[in-house]
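Once you've looked at the hints, dock chain P against the given chain S.
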Amino acid sequence: EAGVAQSPRYKIIEKRQSVAFWCNPISGHATLYWYQQILGQGPKLLIQFQNNGVVDDSQLPKDRFSAERLKGVDSTLKIQPAKLEDSAVYLCASSAGGGYTFGSGTRLTVV
Amino acid sequence: QQPVQSPQAVILREGEDAVINCSSSKALYSVHWYRQKHGEAPVFLMILLKGGEQKGHEKISASFNEKKQQSSLYLTASQLSYSGTYFCGTPGGGADGLTFGKGTHLIIQP
Chain S
1 EAGVAQSPRY KIIEKRQSVA FWCNPISGHA TLYWYQQILG QGPKLLIQFQ
51 NNGVVDDSQL PKDRFSAERL KGVDSTLKIQ PAKLEDSAVY LCASSAGGGY
101 TFGSGTRLTV V
Chain P
1 QQPVQSPQAV ILREGEDAVI NCSSSKALYS VHWYRQKHGE APVFLMILLK
51 GGEQKGHEKI SASFNEKKQQ SSLYLTASQL SYSGTYFCGT PGGGADGLTF
101 GKGTHLIIQP
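Sequence order for the protein chains is S and P. Counting in this note's numbering, the final residue of the first sequence is number 111, and the numbers go up one at a time with none missing. Counting in this note's numbering, the final residue of the second sequence is number 110, and the numbers go up one at a time with none missing.
Hints in this document: simulated from the structure, not taken from any laboratory. In this text, all values refer to a predicted model and were calculated from it rather than measured experimentally. Keep in mind that a hint or two might mislead.
Said to hold, decoys possible - To give an idea of the interface, some chain S residues facing chain P are shown, with a C-beta separation under 8 Å as derived from the structure:
(1) 41
(2) 42
(3) 48
(4) 101
(5) 102
C-beta atoms are modelled at their ideal positions from N, C-alpha and C, and glycine is treated no differently.
Here chain P stands alone, though its shape is the one from the complex:
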């Protein structure tokens, strides 16, 4: 089951904040977040495990609520380098291979 991401796209000015959401219709025990720039491979940002933990990476943090089956990625004081497409990934059934959402396109303008 593919996780659902929202919004599909965000346009921000440099220094503004953004929130990207990821929700699943099935129980989650972990969520991965990746960023992909145009023409490049996805780059791992962070993994969140059940327990409602929050993790951070530079000025990017995330939360995970396994009861609500959702995760949110927070980008604070966005920089031009944050532009790209953000994907959340959730483990599948038996194996732990990730199923990715359709992505959220983030454009940061100067």
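Isolated chain S, as found in the complex:
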């Protein structure tokens, strides 16, 4: 079975610019998560979708971050405007109710 696809793999932007990440989960997985992983730390949950509805976005900095999951399949996470502290790996994961399958992530560097 195909894994979780993410793009781009790497992104370098200047602070105050905007950036978008894309994720395509495993086919049939209703639950999709976006995590932020800062170097040396565990992944931190940003937002959880169940099909195309938001289940939990309590840790999403909504003044600059937004996410959507149209049609309950792929998802996009956007940052606008980016700050230096947003430099991290953004991981997408999907689940059918058990363990998570993570994508390879997007490494974002804000300069």
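Leaving out everything else, chain P in the frame of chain S:
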């Protein structure tokens, strides 16, 4: 509430055993374990549900004690491929999104 992992780092010789602990200040009904190698995505190892069950994956097993609000991961006769950072994850409040610990770095030397 972020689960607390211990130790922070472990260095072993190939063939030695290791135990990684994960504890929470709130009631748990499940614990996930993942392994992440440098520059790669976390990989799911196992999930433990309340009931004190133990599960295994190759020579890696784990236990879960919901009364003590803790889980332990056991790596037996460690292999070089076991090197990486191990994370435990516990469900949050209303939704089941995981909160991960800070990780335990495991280095296996030949």
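Against the structure, the hints come out as follows:
For residue 41 (chain S), the shortest C-beta to C-beta distance to chain P is roughly 6 Å, which falls under 8 Å, so the interface hint holds. Hint on residue 42 (chain S) holds. Least Cβ distance to chain P is approximately 3 Å, under the 8 Å limit. About 4 Å separates the beta-carbon of residue 48 (chain S) from the nearest beta-carbon of chain P, less than 8 Å, and the hint is met. Interface hint at residue 101 (chain S): satisfied, since its Cβ lies 7 Å from the closest Cβ of chain P, which is below the 8 Å cut-off.
Proximity of residue 102 (chain S) to chain P holds as hinted, the smallest CB-CB distance being about 4 Å (cut-off 8 Å).
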